[in-house]
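**Student:** Generate the whole structure from the sequences, applying the supplied hints.
Listed below are the residues making up each chain.
2 protein chains.
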Amino acid sequence: MAITITRDQIDGFDDDRYRARLINSLSGIKSAVLLGTYNEETKVSNLAVFSSLFHLGANPPLMGFIVRPDISPRHTLENIKNNGSYTVNILKSDKMVNIHHTSARFPADVSEFDACGFKELFEAGTIAPFVEEAPLKWSMKLVRIVDIPENGTHMIIGSIEKILMAKDFTNDDGQILYDEVDPCLVSGLDCYHKVGKGKRFSYAKPDHCPTELVRR
Amino acid sequence: MAITITRDQIDGFDDDRYRARLINSLSGIKSAVLLGTYNEETKVSNLAVFSSLFHLGANPPLMGFIVRPDISPRHTLENIKNNGSYTVNILKSDKMVNIHHTSARFPADVSEFDACGFKELFEAGTIAPFVEEAPLKWSMKLVRIVDIPENGTHMIIGSIEKILMAKDFTNDDGQILYDEVDPCLVSGLDCYHKVGKGKRFSYAKPDHCPTELVRR
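For the protein sequence lines, the chains are A and B, in the order given. This note's numbering numbers the first residue of the first sequence as 747 and each following residue consecutively. This note's numbering numbers the first residue of the second sequence as 747 and each following residue consecutively.
Calculated from the structure, these hints are not laboratory results. This structure is a prediction, so every number in the text was calculated from the model and none was measured. Among the clues, some could well be false.
Said to hold, decoys possible - Pairs of lysine-lysine residues, derived as PhoX-like cross-links and limited to a Cα-Cα distance of at most 25 Å, are as follows:
hint	chain 1	residue 1	chain 2	residue 2
1	B	951	A	945
2	B	951	A	865
3	A	838	B	943
4	B	913	B	887
5	A	945	B	940
6	B	940	B	865
7	B	913	A	940
8	A	913	A	945
9	B	827	B	887
10	A	943	B	887
11	A	913	B	913
**Tutor:** Here you go:
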């Protein structure tokens with residue numbers, strides 16, 4: 747049966763966790779990426795799962811993500827503020843348990859790489875460690891942090907600096923074909939998914955329906 | 747064979763469309779949502795596919811999305827600026843051709859609802875039309891537009907006002923179970939995907955690996 751949930755009902759939920767699960771899962775299914783950072787003072791790496799990565803532009807190559815105010819302590823944000831370096835790591839769907847484990851509140855002196863079963867990969871010119879097992883990963887340089895006063899979150903804008911692929915996942919026209927990457931997706935706070943084979947369609951024109959591309 | 751693509755190589759691509767496809771698809775697989783808006787002056791509805799919707803917070807219930815500067819003319823942004831109302835519509839994966847068709851550059855006097863095969867649903871108290879066929883959809887009220895001077899994009903922050911579900915897709919604990927929604931996902935500019943069945947895991951703790959939840 748069809749149901750309607752009004753803003754008054756959302757605001758009126760007694761259970762904050764119920765509201766958090768509903769609203770967080772409402773925004774859909776997204777990539778579950780691991781962000782790697784490094785504390786140069788303590789020499790401890792940090793790794794944490796985020797689902798809010800989004801494309802900002804290709805030239806210059808920019809991406810954004812959101813840091814919640816209630817993730818406490820926010821090692822990822824502190825490390826990025828201190829040295830401006832972070833990595834984005836796309837893991838295969840068979841790592842979903844390990845990916846979810848990085849969301850636990852580990853103390854600052856514990857590296858989630860060790861605790862959750864991932865290997866660090868340090869590359870010349872990048873302070874933050876990559877996840878060695880990630881078939882697709884790239885380093886980012888902090889561009890700007892935009893504070894969002896409505897709820898205390900922060901949008902982190904960064905530029906893509908170096909892309910590492912375990913094999914060439916790109917098509918002739920530049921598109922990354924995710925069928926072989928088999929990335930891990932997430933909805934809400936704890937629900938993980940595999941993705942089906944992609945279908946590509948022709949450039950959309952007003953006067954006819956797009957057609958599926960045979961050459962992918 | 748493993749490959750590396752440096753920032754210099756990205757900046758040096760002669761073909762802007764190659765760079766756009768690579769960088770846009772790099773940000774991963776995301777929900778392909780249709781945003782509905784309404785021009786009160788001309789009485790024409792607008793519908794357009796976006797892949798940058800992200801969760802900002804549950805209390806108040808806020809979401810953001812990015813409007814590119816090169817989507818010209820930007821009917822969605824103009825309509826939102828004029829009346830502050832928009833709808834987010836999650837369509838089933840069997841609508842991927844129709845969803846992609848909304849990305850064509852239709853003239854301002856053409857409604858993508860008609861041109862791409864979707865039905866408008868107007869609800870009391872919401873100016874923008876919903877997509878009737880969407881199993882999961884909600885209305886948004888504009889909160890603030892954040893300009894991103896680095897590349898001329900805009901982040902649109904809005905609050906969730908009313909959620910409409912064709913049936914109750916939520917679990918007891920608030921999580922929306924997407925297995926029955928069967929939402930359409932997208933990578934890059936033209937590659938659409940179905941998603942696999944979700945697996946939920948226990949709240950992550952530092953001292954042990956999360957376990958799969960049997961009760962979903």
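**Student:** Decide, hint by hint, whether the structure agrees.
**Tutor:** A quick look at each hint next to the structure:
As the CA atoms of residue 951 of chain B and residue 945 of chain A are separated by approximately 38 Å, the hinted pair breaks the 25 Å bound. Of the supplied pair hints, the one linking residue 951 of chain B and residue 865 of chain A holds, its CA atoms being roughly 20 Å apart against a limit of 25 Å. For the hint pairing residue 838 of chain A with residue 943 of chain B, the CA-to-CA distance comes to about 16 Å; that is within 25 Å, so the pair holds. For the proposed pair residue 913 of chain B and residue 887 of chain B, the alpha carbon gap of about 24 Å is at most 25 Å, so the pair holds.
Of the supplied pair hints, the one linking residue 945 of chain A and residue 940 of chain B holds, its CA atoms being roughly 9 Å apart against a limit of 25 Å. At roughly 22 Å between alpha-carbon atoms, residue 940 of chain B and residue 865 of chain B fall within 25 Å of each other, so this suggested pair holds. For the hint pairing residue 913 of chain B with residue 940 of chain A, the CA-to-CA distance comes to about 24 Å; that is within 25 Å, so the pair holds. A C-alpha spacing of about 21 Å is found between residue 913 of chain A and residue 945 of chain A, which places the hinted pair at or below 25 Å, so the restraint holds.
Of the supplied pair hints, the one linking residue 827 of chain B and residue 887 of chain B holds, its CA atoms being roughly 11 Å apart against a limit of 25 Å. For the given pair, residue 943 of chain A sits about 35 Å from residue 887 of chain B by alpha-carbon distance, which is inconsistent with the 25 Å threshold. At roughly 43 Å between alpha-carbon atoms, residue 913 of chain A and residue 913 of chain B are farther apart than 25 Å, so this suggested pair is violated.
Checked against the numbered hints given earlier, the structure breaks hints 1, 10, 11 and satisfies all the rest.
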